[in-house]
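Student: Put the two chains together into one complex, using the hints given.
So the protein lines, in turn, are chains A and B.
For what it's worth, my numbering labels the leading residue of the first sequence as 1, then goes sequentially.
For what it's worth, my numbering labels the leading residue of the second sequence as 10001, then goes sequentially.
I should point out that these hints are in silico values taken from the structure, not numbers from a laboratory.
Quick reminder that beta carbons are idealized off the backbone N, C-alpha and C, glycines included.
Errors might be hidden in some of the hints.
Each pair of labels, with its calculated beta carbon distance range [what the hints assert, rightly or not]: (1) A/E726 to B/E10032: 27 to 33 Å; (2) A/E610 to B/E10022: 53 to 59 Å; (3) B/D10041 to A/K697: 52 to 58 Å; (4) B/K10005 to A/P885: 47 to 53 Å; (5) A/P978 to B/M10045: 37 to 43 Å; (6) B/Q10038 to A/V940: 38 to 44 Å; (7) A/E632 to B/F10044: 32 to 38 Å.
Which stretches of chain B does chain A cover? Using the computed rule of at least three CB atoms under 8 Å from a CB of chain A, they are [stated by the list, open to error]: (8) 10001-10008; (9) 10035-10045; (10) 10053-10065.
The residues making up each chain are set out below.
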Amino acid sequence: MSQQTYRLAVGGHIDRTRPLSFDFNGKRYGGYVGDTLASALLANGVHLVGRSYKYHRPRGVLSAGSEEPNALVQHGTGGATDPNFRATQVELYDELVAASQNCWPSVSFDLGAVNSLFSRVLPAGFYYKTFMWPKAFWKYYEYVIRRAAGLGRAPDAPDPAYYDNMHVHCEVLVVGGGVTGLAAALSAARADARVILADEQCEFGGGLLGAGEQIDGMSTDEWVAQAVAELASMKQVTLLPRSTVIGYFDHNFLTIAERIQDHLGPMGTPDKARQRLWKVRAKQVVLATGAHERPMVFKNNDRPGIMLASAAQTYVNRFAVKPGNNVVFFTNNDSAYGAALTLAEAGIKVAAVLDVRAQPTGRLATKVRDRGIEILGRHAIAAAMGKKRVSAVEVMMLNESADRLIGTARKIACDLVCMSAGWSPAVHLFSQSRGKLKYDANRSCFVPGDSVQAERSAGAANGTFSLAACIVEGHEAGLAAATDAGYNKNASVPKAPVRQEIEEAPVDPLWLVPAKAGEHTNKHFVDFQNDVTAADVVLAAREGYRSVEHLKRYTTMGMGTDQGKTSNVNALAIFGQVLGSDIPDVGTTTFRPPYTPVTFGVLVGRDVGELADPVRRTPMHQWHESKGAKFEDVGQWRRPWYYPLPGESMQDAVNRECLATRKAIGILDASTLGKIDIRGPHAAEFLDRIYTNGWKKLAIGRCRYGVMCGEDGMVFDDGVTARLGENHYWMTTTTGNAARVLAWLEEWLQTEWPELKVYCNSMTEHWATASVAGPLARKLVAKLTSDIDFDPDNFPFMSCREGAVAGIPARVFRISFTGELSFEINVRSSCGRALWNTLMTVGEQYGITPFGTEAMHVLRAEKGFIIAGQETDGTVTPIDLGLEPMVSKRKDFIGKRSLSRPDTQREDRKQLVGLLPVDAREVLPEGSQIVEKVDDKPPVPMIGHVTSSYYSAYLERSIALALIKRGRSRHGETVQVPLEDKVVPAKISAPQFYDPEGVRING
Amino acid sequence: MLLIKCPWCGDRDEHEFSYGGEAHIVRPRDPEKLTDDQWADYLFMRKNPKGAHLERWVHAHGCRRWFNVERDTVTHAITAVYKMNEKPPRSSKT
Ligand SMILES: [Zn+2]
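Okay, chain B solo, but in the shape it has when bound (with noise of 0.2 Å):
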């Protein structure tokens, strides 16, 4: 079981979070405008990479705030945690 720190709420066990895939994908501005292909890029394909990985997790079960975590995906360490409007550390190959 995870310990994730909340940014709002500081170190607590993951069963309060839920987890929200990938973070740093950004809505399409006009998707009329895209082809099929590149609406499902948006839609479907993900990184799923070994290693570090930029996610979103929202404190489901406490404040219900929405954030970004580094985490590795193999070591499940979590090396960041920065709120959504703020950048992802230096440090990340993502």
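Chain A extracted, bound-state conformation (with noise of 0.2 Å):
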């Protein structure tokens, strides 16, 4: 195992008494609880962490945050592996593995790496240009650039993890647990507000953890144990750490990702939830995010060992990590000479700082004058040196207006680079709430303005820089955040801190450092993740776009899993330079939840596996299992598809169900049908205006078939409803349609016709059918009955009757779905099973026969009866199907009016036909095309399509049902229909195949 021989010997929020050891590419490292993976990689010098995404550059740690655009890693293995976690945030456990992402066959020596000899051919735009390059370039070029450019792997086993969602509300939300969200949660807890506190570190603190400051004559870490422990001890507070917002939704609701167990690695406890996502409804909320450190942009300012100033402060306040032996700031404000000031006194060498302004004279920067190290003003680094871990950097000096290099160029050796381009607000959860940004000239950033929803930004996420000053803005934010939610009983903000006071030079920004004379800046990197350099965006302005979302779209720019968290201000103010635009003018891209990458599981929580959709069963359903039936899902129904016998294929399953019902009696569990109870004195007035046909002169014990169409005149369902009682009817609907129909009866009922007294109920899972078809049907339900007449005279077609059937009370109706002679017996659900028992055993002496869908869809094509939903589309009007007997003339109904309109009226409609390929072998696709003839070249214009297809045992060969235009003209002739390897020709015919007199149905 390799030495920590980059581990401060004191300090740092780490437990040297717990030791850990990880596994990173392979290769053994030690820890300590306390460290993220980057802390501890860094310890043990480990700078080279993975490869950029287009040039397969070598990458290092730039952040020691969730802003960390190169430290990508794979995380974990077998079904527990996450890709895009990135090395600052992953907290160390011990055995913990993960690997670099972007590079194979290993990070040091990446074949991918060829594409960064070829940079000046892989510019802005490129997959855009070769898209419209010929397509055979495409092809290969696309195989290539997947194949070496993946943004990690994909679990190949299921998550063995499960994941958790909460719903909550509070009064006032505080996102971001440094100085100011921790002042900010106390003031609105002490005012008796309920207060979420949520943070995305393990430890509250901000970036302040492990910081030598003193507050109110305490240090930093001090006073942040005293705020922590006085939350804690009130129960109106939720302290979430590990906890990162990661959406911000209209009308205060908010999205936190909660890392539970993440930190615990396989080690955690499997009956408790790895991640929570918690869904916050929060009256208030106060944005107290902090801010990002921007990197500056010069050639090879990607070189693993240059990181952001702040970061290198981090590693070692927070966790006592050297970050290098022998360091170079480059600055252009004074926020870096604390960080030179704390590496320094980490026993850093600090060789220069190289500062943009001609004269730093801060406070600080005297300081670090103070201590010997040598600052140069106006001065730039030019470029660094070294491949795999910089080794030098090329420093120059600026011209007065800091567009030239000028003077000759001095080389200083380091093995780390300190940056600071000045801070940008982390407003990204502000404009997710569509607040809108504005830019502050004097900080060179943009802050929040004006709020749209309930929420207030402070301290750094508002441009507030100064310790003193976040800590009152953060308690007047949180009492401002509680009195708006109506707490403020009492409550004051307590008296500014004691604290002197930093004195701080402005800062001045340099966006960009000038390539020196007849060089380009295709090596001055602004987006390290998306590899977008300066020169890219400067193609960008060039090649014509002005429009910031253009330029993020165009050059990739913040596109990237950190959404550009280090590189949008850059990119968009050296986009305005090129465009001698000011800032505000180019303006900013939308940032977009979530904040940071989460996993899908988060998303998801429990509603995975069985609960990811309820599957919903009839009460026959174990007796169809029993008998090996293969299920169909219907909308959330399982449905017997078919029966097969030992041996059977499914055709001759299907065609052994088909037969038996049309020769002798075949039984389906209807109990999926929908069946709404409608009541009321105008509910014969109310199904006049639903269905397409009149209902006013239906008789009690009557049915009648009826169609449902949209006010567009589209057909939308179908069924068959019976009249029950003077007031009462009972109305069945398609097995997938049947909530969308009752919910749209009551739409009608509530909206437009609340005068009528008409009560609708769904009964679907109350009741349980079976329905009997076939010659025999009458044979085996009058020897099961004796208190119901089967006799046809008084039991005619499209009548219903109620009676016991095996002594059940049952609903019978006679109807026919299959051409057959059929009843529609229903009972109460819980007898369902009762009754398909006794069917199945007295109707064993007639050769009884269960079929499943296939087969139900078999016999109604060889009818010719429509399936809602199959044979239409919401483009086919009744008229389309040939129903137009049933298209009432005499009153109006929803969509009447459509059925005449010019479009509706049109010669050329798509009308219902049968289909009959010439080849009675030939079983044509569902959803085949069809045409006149085939062309010899495109385009060929399409007449139709099959909607239903089938081989029909029953008359020994294939049958389709399908749309063509002038159909019903056209029975007769013959198309085409182009399939992959051939083409079928097909007759047209009538849309009835069998009995087309309907004399079966009385069997």
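Tutor: As structure tokens, then:
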């Protein structure tokens, strides 16, 4: 195991009594509890942690937080592996396993780096331009690029962990647990508001953890500990560490991804959720999300060993890690001097501080100078040297206007470069809340503008960077939020903390270090994750892009998993420079959820596997299972599809089931059909308006087939409705449409015709339905009843009776979807299985055969009966289907007027026809397109499509239903159905293949 | 995610509701008397304003009642909720 040679002897928030071992890229390393993967790697002197996305350049750790663009790792193994984890956020645990992304075969020897040699031919817009090239080229590029430039791997096994969702309400949600957030939470909680404080790190304190500064005579660590202790003692406060607020949605709805057990690794407790998504409805929100330091844009600024100044400071203070031995600072503001002092005090040699400003005069700069550290005013890094680790920097002077490097270059050896180009408030959530940003020229950053929702930003997130001011602003924001939420009893803001303010000199933005004479800026990286250089941004401007949203899409700047946290402002500032526009005029891109990448698991929560979608089973389900039925999903229902006997293929089984029904008796579980109980004095009037045909003359005890349309005249659903009593109807719907039809009826009753006294209730699950069909059906049912007269004269087709079947109270409908004599027997659900058992036992002597949905489809297609959703697709009228006799001319109904619109009157509308392939063995695929004749070259006009297609055992040939232009006038004509490997001729016919006279319904 | 105040159930998450489009479109008394254009106007044409919009919602996964909402299509602020048989708020410009 390699030694932690870069670990400082003392300090840091790590537990030196708890050493850990971990595996990175197959090598063993040591670390401590309290480390992140990044800090532990740096403690071992490992800077090279990955390869870049496009050019596969070696990359190191840039930051110490969630903004990290480079150190992306594949974390964990097997089903528990996750891509795109930021090493800077992964808490170390014993036996952690992680690997670099984007490199193959290894991080040190990377074949993809060959792209790097061709960076001149892979400029911005490469992908788009390639798309426009001859298509054949793209095939080649895609193969190479996709293989080389992955963004991690998906797990190859199911995730063993489980995840939770949680819904909560609070008065004040404080996002961010640095000093600002802690102060805000304290004020709001002291006013008795329910407070949630969420922070993405494992402990509260934000960027100040381990810093040696003072507040109110305490160290910052003591101040933080005291604040956290007070918050923890208040029952109205929920503290959520390791919790990233990932989304800010309408009406103050925010989502928080809490990593409950990630830091325990596979050693975590299996009976606890791994992560939890909190769905919070907050009355008020305080955004104390801090700020991100910006990198400097110079040549080779992406070399391992070059990091943000604040990150280096964090590694020293919080993790007791020296990120290097010999450092050069490069800054345009005073904050880097604080970092320089921290590093110098930790024993790191500070070779020089380069400042863009001519005369750095701030108090911190003076302190640095007093330590004897060389400060070079108006200097910049012209280029970094070294490949897998920075080894030196080339330093040059800037001219007055900072657009040219002048003088002679000086080389300074170093193994660490700390850069700071100023700070960008983390305005992502504010932007997600739809707030508009405004540019603050004094502080050279975007700050939140007016609030759109009930939120306020405070502290660094608001562009306030001094510690004391952050605390004051936090307290004020917390109290104001509580007050606005109605909680302000006796609360007041504590007095401002005692702290000597550090006088700071203003930042002087230098967005781009100019290239040396004769060189380009194509190694000046702006977006590290997506390998976008300053030259790419310049090219986009030169090629005519003016909108920052277009710049983003053209260069892919900000489109990585980090959403450009460290790159956006630099990119649009450089873009503005080229266009000659001010930064506010260039504008910003829109930030979108999630703030940082999240697992699919945490979004889905418990809705996986059996809980993903409910499965609905009929009361007879177990019987079907015991007979080896194959099932098909119809909506949420699981319906028997066919019942294969040993050795039977699906076609064998369906043939047998169809023939048994045609010749003897078949039985179908029809329990899933939608059933709606409709009552009220105006029920008949209501049905008259809903259905295309008339209902007022339907006698009690009779049934009628009905078709309903949308107001656009297109068929929506169909089914049989029976009149059970004076004001009582029983409507059936297709299985998949049951809920939609009920909602449709309710909509009209509530919104358009509230004067109608009609009441609808879903009965689908209350009743079980067995449909017996076939010439012997009457014999069977008659045997099982004593109080229903099955004499055909007394129980005619399309009527219904109530009585006992097999001793069970039942509603029996004599209707038919197969064309055979059939009875639908409805009983209470609890009696469904008993009814079924009796029918099967008694029916045995008649050769009763259960049939599934496939045989049902064949039988109804032989009769030309449509299925809503199969023959119809929302563009088909009842007239198109040949149902003109069912369309009343005497009354209005929903959709009627649309049937006389010019479009529905068109003569070339597609109409329902039968289709008989010339080769009777050829079963056409459903959905096949139909043409007149096949031309030599496209376009070939299509005249229709196949809606249903089966092999009919009874007819001993294939049959199909189709919608064909002018179909009804074309019976007898032959059309062509082009398939992948052949063209099938087929003859148009009437859409009835079996018993067109309808005599079989009498048995 | 909107927070919608069902007149019967109170504040509930948007995902309990279904959207029903523009409110106060009355079905013509005698559609057969309308010209094609008039019928098309009823059937297809909607206001789609930028700003205050009167629209219908149904508490589909709750009490299943329809009601009206005044919502700003820019800010999503809900400024009024009223029952089907009630008149829109006076302030409404639509
Ligand atoms: Zn409700």
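Student: Could you run down the list of hints and mark each one as holding or not?
Tutor: Quick rundown of the hints versus the structure:
no. : hint                           : verdict
1   : A/E726 to B/E10032: 27 to 33 Å : 31 Å, holds
2   : A/E610 to B/E10022: 53 to 59 Å : 40 Å, violated
3   : B/D10041 to A/K697: 52 to 58 Å : 34 Å, violated
4   : B/K10005 to A/P885: 47 to 53 Å : 48 Å, holds
5   : A/P978 to B/M10045: 37 to 43 Å : 40 Å, holds
6   : B/Q10038 to A/V940: 38 to 44 Å : 40 Å, holds
7   : A/E632 to B/F10044: 32 to 38 Å : 37 Å, holds
8   : 10001-10008                    : holds (count 3)
9   : 10035-10045                    : holds (count 4)
10  : 10053-10065                    : holds (count 5)
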